[in-house]
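Asker: What follows is the residue order along each chain.
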Amino acid sequence: MDSQPLSDSPVTRRQFLRNGARLLTMTGLGVAAGALATRSTGAAWVWQLDPAKCLHCGNCATHCVLEQSAVKCVQAYAMCGYCQLCTGFFPPEPNALTTAAENQLCPTAAIQRTYVEDPYYQYSIDEQLCIGCAKCVEGCARFGNGSLFLQIRHDRCRNCNECAIARACPGDAFRRVPVDHPYLLKNVNR
Amino acid sequence: MEAVMKPELELYDRREFFGVVTKTAAILGLAGAAEAGAPGPGTANPFAYDISRFQKTDPKLIAYEEVTRWPVPHKEARRLAVGPDDQLYVCAGNYINSLSRAGQRGLELALAGPACCVAVAGDGTIFAGLRDHIEVFDARGARAARWESPDPKTWFTGLAAGGKDVFAADSVKLAVLRYDRAGKIVGRIGQKNAERNVPGFVVPSPFLDVILHRDGLLRVNNPGRHQVEAYTLDGDLEGAWGKPTAATGGFCGCCNPIALAALPDGRIVTCEKGIPRVKIYSAAGEFESVVAGAESFPENALACNDLNDCVHGGLDAAVDSGGRVYILDLVAGDVRVMQRKG
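The listed protein sequences correspond, in order, to chains A and B.
According to my numbering, the first sequence is numbered sequentially starting from 10.
According to my numbering, the second sequence is numbered sequentially starting from 1301.
Among the clues, some could well be false.
Using 16 Å as the maximum straight-line C-alpha spacing, the simulated EDC-like pairs for lysine to aspartate or glutamate come out as follows [as the list claims (entries may be wrong)]:
| hint | chain 1 | residue 1 | chain 2 | residue 2 |
| --- | --- | --- | --- | --- |
| 1 | B | 1484 | B | 1465 |
| 2 | B | 1492 | A | 126 |
| 3 | B | 1492 | A | 127 |
The set of hints was computed from the structure by calculation and includes no laboratory data.
Put together the whole structure using the sequences plus the hints.
Answerer: The following block contains the structure:
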């Protein structure tokens, strides 16, 4: 079988290398342009916790890369019953319905109880103290209206490429949401 | 002469080798990710909310046993009631279905919206409580009337029917409306009134119930105060009993009891959520026994099963003329028939 002489091949080695270099250069320029465009508009997606899937397991408090978790409890006031005996605030059998430390469910006393009028009390979260352990969330969902729930606070979250809490979440409650809708909030239908 | 490898030394060719390496790496990678993601074995939640000691009922207190269990005909069960002929009426979805003592389906009433509560008068008239109005049907199921509520934000969650009056518990306006049989509102019971010494209902979630007791008084649950209150038909508060405690003798959590029924001899049946249980108290409010404890309702663990609306958890109860207690499990979607032991 006769082999085709090199002088008759359609592309010479020099042309091949030249074309390859052009292709690489254009590709590199395109990637650079895309990276710059992305940087200028910021990250498009952020992590968030879906309260419908949360199992109140406590991992949010222990698995965040931050020393104090970026996950905090939030209160849906429109759903709250403002109960005198709030099961998100008090342990199952409190000694008294007071704010004494022994009567509080929260391990860091992050829930503030404020008298409104007989027999209603308002419960609000001090985020400086909240560690996102979900103990109050479980108590509220078990007996009450479920107005307390966890959310990632984006003034704290580092938006890790791979969220350490998401990897540990047994309920698969973490997902990416658009940065312009960064929270998955509860509503009330009443 | 071409060298030939010994058979025992023949390895994979390049393609096979890379294929094996890739598969092995993928398997190891998946296993590693699963291991890293899962909580370690035996790792307890240091912030666990533990109420396990309250979820066990002393067997000596359980006075009833389950005879049978029927599935509810439709989804989203909410309430049930017993009629004068011991027919059971179940609110589920947009329907009210009647069931015989043997569990056979009878009448089916289709409503314009979700059926929230039901009551049946002695003459067989059926009163179906939707969220903001009441629909009246005759004993054969023909629609007879529609009674409106005076307030657009009404949420009826309980009904009781007497000979001359119908009582509708409104969990949003915190009152029991007294209708005459023509559908005219003739009174309001239970609204906060310092002059009449009525403290008012505290209803954090839509579970307000009313029953017409054989002693001629109404019994209404006041969940936020952990009490059962007795009212005259004109709205005078005659008495109240109940105490907040997770122990068996009281009402657990933030707001219980959520439903009431009355035995033929006047004793009161109460239902609770959170630690789901059905209990019996004397007419004066002394704890007597347990019909079914938390062990009987494993799916009913959370009061709030819906993200935005807390009406899809809990229990309801009704009693027939023979003293059988029917328990409606809103989460499991079934009716359990309970009979006294022995």
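Asker: Given the hint that residue 1492/B pairs with residue 126/A, test it: the Cα-Cα distance must not exceed 16 Å.
Answerer: 13 Å, holds
Asker: Under the criterion that the straight-line Cα-Cα distance not exceed 16 Å, is the pair residue 1484/B, residue 1465/B satisfied?
Answerer: 10 Å, holds
Asker: Starting from residue 1492/B, check that the Cα of residue 127/A is at most 16 Å away, please.
Answerer: 11 Å, holds
The structure shown violates none of the earlier numbered hints.
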